[in-house]
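Student: Spelled out from the first residue to the last, the chains are:
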Amino acid sequence: MSPLVADASERFAALFRAERDRLPGGGLAWLNASREAALDSFQAQGLPSNRVEGWRHTPSRALTDTEFIAAEKPKVRARFAGRALCPVDFHRVVIQNGRFQGDDSRVTGLPEGVSVLSLADVLRDDPESLRTELSRPIPSDGLAFAALAAASFRDGIVVCVARHARLDRPIHMILSSADGDSGRPQAAHVRVLLILEDGASAEILVESLSDGSAPFWTNLLTSVVLGEGASLKHYWLQHENLTGAMTAATLVTVGRSARYESHAFNFGGTLIRNDLRVRLAGAGADCALNGLSLLRGDEVVDHHTVVEHACVGGTTRQLYKAVLDERSRFIFDGLVDVHPGAQKTDASVYNKNLLLSEDADVHTNPEFKILADDVSCKHGGAIGQLSPESLFYLRSRGIGSEDARRLLVYAFGAEMLERVGLEQLRHTLADALHARMPEENLR
Amino acid sequence: MKNLLKIDNLQAKVGGKQILKGLSLEVRPGEVHAIMGPNGSGKSTLSYVLAGRDGYEVTGGSVEYQGRDLMTLSPEERAREGLFLAFQYPVEIPGVSNKYFLKAAYNALRKHRGEPELDAGAFLKLIKEKAKFVEMDPAFLNRSINEGFSGGEKKRNEILQMAVLEPRLALLDETDSGLDIDALKIVANGINKLRHPDRAVVLVTHYQRLLDYIVPDFVHVLSGGRIVKSGGKELALQLEKEGYGWIDAEKAPA
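So the sequence lines, in the order shown, correspond to chains F and R.
For the first sequence, our numbering puts the final residue at 443, and the numbers step up evenly by one.
For the second sequence, our numbering puts the final residue at 254, and the numbers step up evenly by one.
Hints are computed from structural coordinates only; laboratory data are not their basis.
Take these hints with a grain of salt, some might be off.
Which stretches of chain F does chain R cover? Using the computed rule of at least three CB atoms under 8 Å from a CB of chain R, they are [stated by the list, open to error]:
{"no.": "1", "region": "387-401"}
{"no.": "2", "region": "408-414"}
The calculated label-pair distances, taken between Cβ atoms and stated as ranges, are [to be verified]:
{"no.": "3", "chain 1": "F", "residue 1": "Ala430", "chain 2": "R", "residue 2": "Lys125", "range": "22 to 30 Å"}
{"no.": "4", "chain 1": "F", "residue 1": "Gly183", "chain 2": "R", "residue 2": "Glu92", "range": "50 to 58 Å"}
{"no.": "5", "chain 1": "F", "residue 1": "Ala382", "chain 2": "R", "residue 2": "Ser177", "range": "24 to 32 Å"}
{"no.": "6", "chain 1": "F", "residue 1": "Gly384", "chain 2": "R", "residue 2": "Pro197", "range": "40 to 48 Å"}
{"no.": "7", "chain 1": "R", "residue 1": "Tyr207", "chain 2": "F", "residue 2": "Gly421", "range": "47 to 55 Å"}
Here a beta-carbon is modelled for each residue, glycine too, at the ideal position from N, C-alpha and C.
Looking at chain F on its own, in the form it has when it is part of the complex (with noise of 0.2 Å):
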């Protein structure tokens, strides 16, 4: 390990230290050792780079060379309604520079048995309710800077849906950073905590959102747990600006023929890593992983999954697509692990990428690891260009060269646009599919 890296290493526990006694929950002993426990677990691991297996071709420089602060107040308080992607009439709430934000959250009028609550909050009133939650220990392989978050948090959203209860409408997550007085690269470790009830259902959006112009890093951990037959849709909006990052690592636990999907929009930022672990806990426990990426200029995004197939029945649907443009990279890892006994499983694991610049770069690795013998499972991965037959046919019908491009980029993406149930959500991404098609930059 480099001498840089080493006092990197260092200057996070030290900032995590200097922030401890104002950080939530902080009189709770359990809560406390919790906290140890993580940074314990983030120092062993060590901080990510090149050499690190699971980050060799992943840039996590931007990240490990920056000096951050932890997150300041603001200066100015974003006016992020405008600039959100998505439709404003979901229930909404908001977390920004790490810190929930009330007056901007909108979250009245939930059914019976359903609760959107901040974490700092909750750490307040109630902290018994997650201690079972927040003590449960964070994996050590390769989660670094999610153990960090585990230490570090000074808030979160606490969404509990009882059983058998159902959100009218969707939760908007809105994670908004923006510059604080100092003008210093920030770092915001925020934690989410999504508890589902037996029989309940919710769909949930996150979207982040940068606006500064000094490098903002959001380091969100978000833990899923779905009780029997519940059911949770989880979306994702990742559009950082030039300076901002993401680090998102989900721990997602399944229960019995409950059903998890996540939907991951990337449309931009200096990294964004996804971290998805997936523990399909329960017999018949069900989960799709989509995503869909679009870069250009040096953006990186980098999605790492493992499903464990712990119980039997189990299915596993995965499509992951990027576009990729100029100097762009994308990073896919997809590990299926299928546990002795969980027979009858059923999985797929599908990246699929379209390259529209030489200079553009992915790496995916769908693998498996099966230790059951009753089992089907499919893995692929491709990598491809525009099909110059079908440009030609375009073309041949009076479509500019330009307009059949994007055609055909749009075409590639539409696929994961469909797998989106909501109506109004997948509108917006067509937009927003339609605003980053390459030739758009040269207008």
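Use these hints to put chain R onto chain F, whose structure you have.
Tutor: Same frame as chain F, but now just chain R:
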């Protein structure tokens, strides 16, 4: 009457191989020409050269379309000037609906002619009429371009595009191939309905049977990259009866 298309001594290479070796043809508005020939004679190459596909290199001769040098135009400019190629193998494009595609193409043509783009409602009305005209279920309009279409449905979709775009010169490349008799009749009927004094049609085909339904004004035999014989519709019947062998024999001493 003035030529719509004048091909003079056209020579073209594909993948370094000389395929067209001095092909000449003149087409006037209102005419229907059939170009027949055995496999490998250069029929598809001619279609692609005229439509402007990459990889088809013109090495000699000239093509005039409406008095302009066609070869200087991009494929989309040719289309906007009224040239239409019905593909032998229409391309499947998942993710783009037929309707959206047709609208983009139609409005590109209108824009080229300095006409305002048609709004969604007016366009929908137009394509529904056109779908009826080619006996196509309107449900196909919402499907992705040619995706999962049968051979007959793909060919009918080509005719639908032609009906919407109303070209001045329609080139139909083996439009009859792979069709059963019912599909063939529907496609032929669609083409016949589009016959017009201002419009010319060039049918490229291996078999005579399409010509039972679309009666051409002229029949040309393409062999070895050249038109070796031209005549009226009776020439097609002779080819059907006697095959292409006698053409080669007749050509040999010349």
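Student: Hint by hint, note whether the structure agrees.
Tutor: Right, here's what the structure says about each hint:
Residue count for the region 387-401 of chain F with a Cβ under 8 Å from a Cβ of chain R: 14. That meets the three needed, and the coverage hint holds. Coverage of the region 408-414 of chain F by chain R holds. Counting CB-CB distances below 8 Å, 6 residues qualify, and the rule asks for three or more. Between Ala430/F and Lys125/R the CB atoms are about 24 Å apart, so this pair conforms to the stated range of 22 to 30 Å. In this structure, Gly183/F and Glu92/R meet the distance hint of 50 to 58 Å, their C-beta atoms being roughly 53 Å apart.
Against the hinted window of 24 to 32 Å, the Cβ-Cβ separation of Ala382/F and Ser177/R comes to about 31 Å, which satisfies the hint. Roughly 46 Å separates the CB atoms of Gly384/F and Pro197/R, a value that falls within the hinted 40 to 48 Å. For the pair Tyr207/R and Gly421/F, the supplied restraint of 47 to 55 Å holds, since their beta-carbon distance comes to about 50 Å.
Comparing the model with each earlier hint shows no violations; every hint is respected.
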